[in-house]
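K.L.:
Given only the sequences and the hints, what does the whole structure look like? Please build it.
Chain by chain, the residues:
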Amino acid sequence: MEREANVLIIGGGVSGTGLAYNLAKLGVEGIVLLERNYLGSGASGRCGGGARQQWTTEENVKFMKKSIEILERLPQELKFNILFRQSGYLFLARDEEQLNLLKENVRLHRKLGVETRFLDAEEAREIVPVLNTEGILGATYNPKDGVLFPFALVWGYAKAAKRLGAKIYLHTEARGFKIENGRIKSVFTDKGEIKVKEWVVNAAGAYSKELARKAGVELPNKPYRHEIMVTEPLKLFIKPMVVDLSNGLYMTQTSRGEVIGGIGDPEEESSYNLESGHKFLYLFSRAAIRVIPILKEIRLMRQWAGLYDTTPDKNPILGPVDEVENFLQINGYSGHGLMMAPYATQLLAELIAYGKPSESIERFSIRRFREGEIKAEKAVIG
Amino acid sequence: MPRIREHPILDFKWSERKKIKFTFDSEEIIGYDGDTIASALYASGKRVIRRSFKYHRPRGLFCGIGQCSSCLVKVNGIPNQKACVTPIEEGMVVESQGSIPSAERDLLSLLDALELKHGIQYEKFLGPKFLRPLYFKLFNFVLGSGNVKEEVPKVKFSEGYYPEKEVDVLVIGGGPAGICAAKASAECGARTLLVEERDRIGGELLKQTHKFFGSRRYYSGMRGFRIADVLSKELEKSGAEVMVNTLAIGYLDGKIGVCRDEREFSLVKPKCIVVSTGATERTLMFENNDLPGVMGAGGVQTLMHLYGVKPGEEALIVGSGNVGLILAYQLLQAGVEVKAVIEILPKIGGYFVHAAKIRRMGVEILTSHTIKRAVGRKEVEGAEIVKVDENLREIEGSERFIECDLICLAVGMSPNIEILRQMGCEVVYIPELGGFVAKHDENMETSRAGVFVAGDSSGIEEATTAMIEGEIAGISAALKSGKGRKEHEERREKLKMLLEEMRDNPFGERVVIGKKKMWGA
Ligand SMILES: Cc1cc2nc3c(=O)[nH]c(=O)nc-3n(C[C@H](O)[C@H](O)[C@H](O)COP(=O)(O)OP(=O)(O)OC[C@H]3O[C@@H](n4cnc5c(N)ncnc54)[C@H](O)[C@@H]3O)c2cc1C
Ligand code: FES
Chain A
5 MEREANVLII GGGVSGTGLA YNLAKLGVEG IVLLERNYLG SGASGRCGGG
55 ARQQWTTEEN VKFMKKSIEI LERLPQELKF NILFRQSGYL FLARDEEQLN
105 LLKENVRLHR KLGVETRFLD AEEAREIVPV LNTEGILGAT YNPKDGVLFP
155 FALVWGYAKA AKRLGAKIYL HTEARGFKIE NGRIKSVFTD KGEIKVKEWV
205 VNAAGAYSKE LARKAGVELP NKPYRHEIMV TEPLKLFIKP MVVDLSNGLY
255 MTQTSRGEVI GGIGDPEEES SYNLESGHKF LYLFSRAAIR VIPILKEIRL
305 MRQWAGLYDT TPDKNPILGP VDEVENFLQI NGYSGHGLMM APYATQLLAE
355 LIAYGKPSES IERFSIRRFR EGEIKAEKAV IG
Chain B
-5 MPRIREHPIL DFKWSERKKI KFTFDSEEII GYDGDTIASA LYASGKRVIR
45 RSFKYHRPRG LFCGIGQCSS CLVKVNGIPN QKACVTPIEE GMVVESQGSI
95 PSAERDLLSL LDALELKHGI QYEKFLGPKF LRPLYFKLFN FVLGSGNVKE
145 EVPKVKFSEG YYPEKEVDVL VIGGGPAGIC AAKASAECGA RTLLVEERDR
195 IGGELLKQTH KFFGSRRYYS GMRGFRIADV LSKELEKSGA EVMVNTLAIG
245 YLDGKIGVCR DEREFSLVKP KCIVVSTGAT ERTLMFENND LPGVMGAGGV
295 QTLMHLYGVK PGEEALIVGS GNVGLILAYQ LLQAGVEVKA VIEILPKIGG
345 YFVHAAKIRR MGVEILTSHT IKRAVGRKEV EGAEIVKVDE NLREIEGSER
395 FIECDLICLA VGMSPNIEIL RQMGCEVVYI PELGGFVAKH DENMETSRAG
445 VFVAGDSSGI EEATTAMIEG EIAGISAALK SGKGRKEHEE RREKLKMLLE
495 EMRDNPFGER VVIGKKKMWG A
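Going down the list, the sequences are from chains A and B.
Taking my numbering, the leading residue of the first sequence gets 5, the next gets one more, and so forth.
Taking my numbering, the leading residue of the second sequence gets -5, the next gets one more, and so forth.
Worth flagging that the hints you see were computed from the coordinates, not collected in a lab.
Quantities reported herein were computed from a predicted structural model and do not represent experimental measurements.
Any given hint could be a false lead.
[As the list claims (entries may be wrong)] Cβ-Cβ distance ranges computed for the label pairs, FRET-style:
| # | chain 1 | residue 1 | chain 2 | residue 2 | range |
| --- | --- | --- | --- | --- | --- |
| 1 | A | 175 | B | 235 | 37 to 47 Å |
| 2 | A | 179 | B | 208 | 47 to 57 Å |
| 3 | A | 300 | B | 183 | 36 to 46 Å |
| 4 | B | 94 | A | 180 | 51 to 61 Å |
| 5 | B | 436 | A | 29 | 53 to 63 Å |
| 6 | B | 515 | A | 182 | 28 to 38 Å |
| 7 | B | 515 | A | 175 | 17 to 27 Å |
| 8 | A | 139 | B | 106 | 40 to 50 Å |
| 9 | A | 41 | B | 514 | 46 to 56 Å |
[Unchecked claim] Pairs of lysine to aspartate or glutamate, EDC-like flavour, derived with a Cα cap of 20 Å:
| # | chain 1 | residue 1 | chain 2 | residue 2 |
| --- | --- | --- | --- | --- |
| 10 | B | 143 | A | 236 |
| 11 | B | 148 | A | 130 |
| 12 | A | 201 | A | 329 |
| 13 | A | 300 | B | 247 |
| 14 | B | 205 | B | 456 |
| 15 | B | 143 | B | 256 |
| 16 | B | 148 | A | 138 |
| 17 | A | 283 | A | 272 |
| 18 | B | 123 | A | 73 |
| 19 | B | 159 | B | 247 |
We put the beta carbon where it would ideally sit given N, CA and C, even for glycine.
P.N.:
Quick look at the structure:
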């Protein structure tokens, strides 16, 4: 194993591998990535795979527009197919408040050049013929949104990064830091110590908080269990990602054909619990069958849980911290990191390589939680 | 393939049974009352009932008891039903899935001929961007098993949350171990519930027609399926509740989710759990091991003894353990010619008496032989076997072709431990016990307090020891849940001694070694 790194990345999810790739692409040398399990064993391999431009704040819409553009070219760039199927996101509204949110979104999206359309219930059914339109007041649809296979994105990034010289060590855990004069000098792992010349990056997903604490840095992130399931594989009958705004249900089909979907439980308390529960089954099956009744005949095959790494304003934390000079954060995605990571990792790589990213990431700085007003993202799903 | 009309032990009473008509890919099939879709299809000579997911290779029955999903079909418009456990009904419409036009003649099987590389979907179809929608159409054309009706049916939800039942002891799996566990637990006065996935309890015993060895108290001299009858009656008397057609789907936040008839979902909150989920038949690695006509020994027994279907005309058996040897005898009884029993090791695995018996009936047992490939286009037409040297390596030039239409794999079982693993029980790999098992003590308790194991799911053995283990586990669970008395404790100690006695022979030694290893692990 390498005993020295210029940039040491902790975490082998989409953030860690994406960053390793983007750094290597910019010619940075001495990249080492540590993953305590296997690639994608955190939230990245447990997520729904959705990527959308339909957001509620101008900044996030713009950000995701960039990210989707990257996803569109990644298969050729990485020489690895991430199975990104752009068949849209369909948001459903069941009351006036949700309806107004959607209408406002359409206005905002159009202004920013995102082709979101407003649909009535019947038009929504044209997109998903098995949709139960009862109680649906309206919907929005953007054909550029889509779903991808999350493991493929992580594998693709990792392979390309390795090809460009990055070193990736699996089943290797970062356990502590040697800090001198406010700088991390080296990282202790279960396989020995690794000296760090420049940066250490905390890409440990929901475990970032614990990791940061070991360096004396307090993150405001909290872990929440989110459950998700897949059914038996079937021919495609739900093309877009369907989102029910009234309860946070989301579901679509993978390229293999499994219906994949989840739902949030507002009563879930913060924890690292990854066990499966019956309440999820109850909430999910009812919500899903209400939207697509034919699902009642389909078997659920697997159910599992992952962690949302949630910040107070539901936006990620990107960039340096005050307490430790060379400790970068890329975490706190609050349940939408898969889609944000392609652009987020590019910007962070630019910061490391050039000292300044091509677009400011100041708004993602951890300092925002100490200063003044924060603007929360409303379109958090699940 | 004909039905079994004459059998020295079993009488299927064909003339008294009602005939039932249904269709498979639009063709009319006639089965009998009591048939499953798979048994009726097999009896009508239909072996290819499905195509594989990706390469569209022909697939037929393998396990025959709903464990391997090799037999999925569409039934009355509902996709992915297991043909081997779905009873037939008059007028039922059964269709093969994902093949064009039918499972028998699937044009997409061309994909198999292309010998595409594994993982090709990640390396190809990268761009250009405008072609990607087309790629996804292509994936959808090839993949996906079955489709749903494009309908929006009305649904009504039942009110309230899932029903919940509190019990002292929940037993999962109703084979010999599970039945004895439930019975013993109920006899200790514990409120006991047994859930069984299939439509009847008895498990392995149901397909066994031979007379059992072992202890008198454990029905030696009686045939397997009769023991199942007797046990069922005893269980009924004990007061334990039994739910059949009920699948324990998992451990969910401290409760076990169970699903009856694939419809009613409820939760069971037990103080203690006995897992007696049995084992799954293993397959072997060889070319064409998925060809219809390659079947697990248990699947073959199920076809013959439960459904009266003659599984083939000429059979090859791979594996000379007791299962393989007994199967050879049973095939002969059903009128099937047994071409050979082959065994990769230099000596026969099972009891001498069984081997001697089939040899007397003219069956060749070839030791130091293994199967190299199954031969046939859509179903088995023969097998290529080969000699192996002392390192079990194939000896080139020693290949031999055996004509047969049935290849039975009797190559062992692996314990079913999924639910134990999910509950967080410590799992260790012990080859002597059949692979991964949940570590357990002499009272059959796992590393998770209150969770017990018994029977094949605790290590592959045989029915008598499964019954004893079941009793031990049942008593232990009842005691732990606060029921039972001193006498039950004493009884448990006696059972432990009995178990030791039963294993005190060359065949039990393997298990004794395995259990010791497990304790040390
Ligand atoms: C159920 C669910 C559904 C979701 N659906 C979507 C969706 O549809 N779209 C979307 O965009 N996002 C979705 N998300 C969110 C998304 O999955 C995450 O935001 C994203 O994957 C975060 O990636 P990451 O690389 O930052 O973290 P992770 O993928 O969690 O990676 C962190 C890695 O760090 C490793 N690690 C932790 N500590 C250490 C250590 N000390 N040493 C070494 N390694 C360590 C972990 O093992 C892990 O592999 C969903 C999340 C969940 C749970
Ligand atoms: S599940 Fe039907 S043959 Fe195995």
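K.L.:
Each hint: holds or not?
P.N.:
Hint check results:
no.	hint	result
1	A:175 - B:235: 37 to 47 Å	46 Å, holds
2	A:179 - B:208: 47 to 57 Å	54 Å, holds
3	A:300 - B:183: 36 to 46 Å	41 Å, holds
4	B:94 - A:180: 51 to 61 Å	59 Å, holds
5	B:436 - A:29: 53 to 63 Å	60 Å, holds
6	B:515 - A:182: 28 to 38 Å	37 Å, holds
7	B:515 - A:175: 17 to 27 Å	21 Å, holds
8	A:139 - B:106: 40 to 50 Å	47 Å, holds
9	A:41 - B:514: 46 to 56 Å	27 Å, violated
10	B:143 - A:236	15 Å, holds
11	B:148 - A:130	19 Å, holds
12	A:201 - A:329	12 Å, holds
13	A:300 - B:247	23 Å, violated
14	B:205 - B:456	13 Å, holds
15	B:143 - B:256	19 Å, holds
16	B:148 - A:138	11 Å, holds
17	A:283 - A:272	10 Å, holds
18	B:123 - A:73	11 Å, holds
19	B:159 - B:247	15 Å, holds
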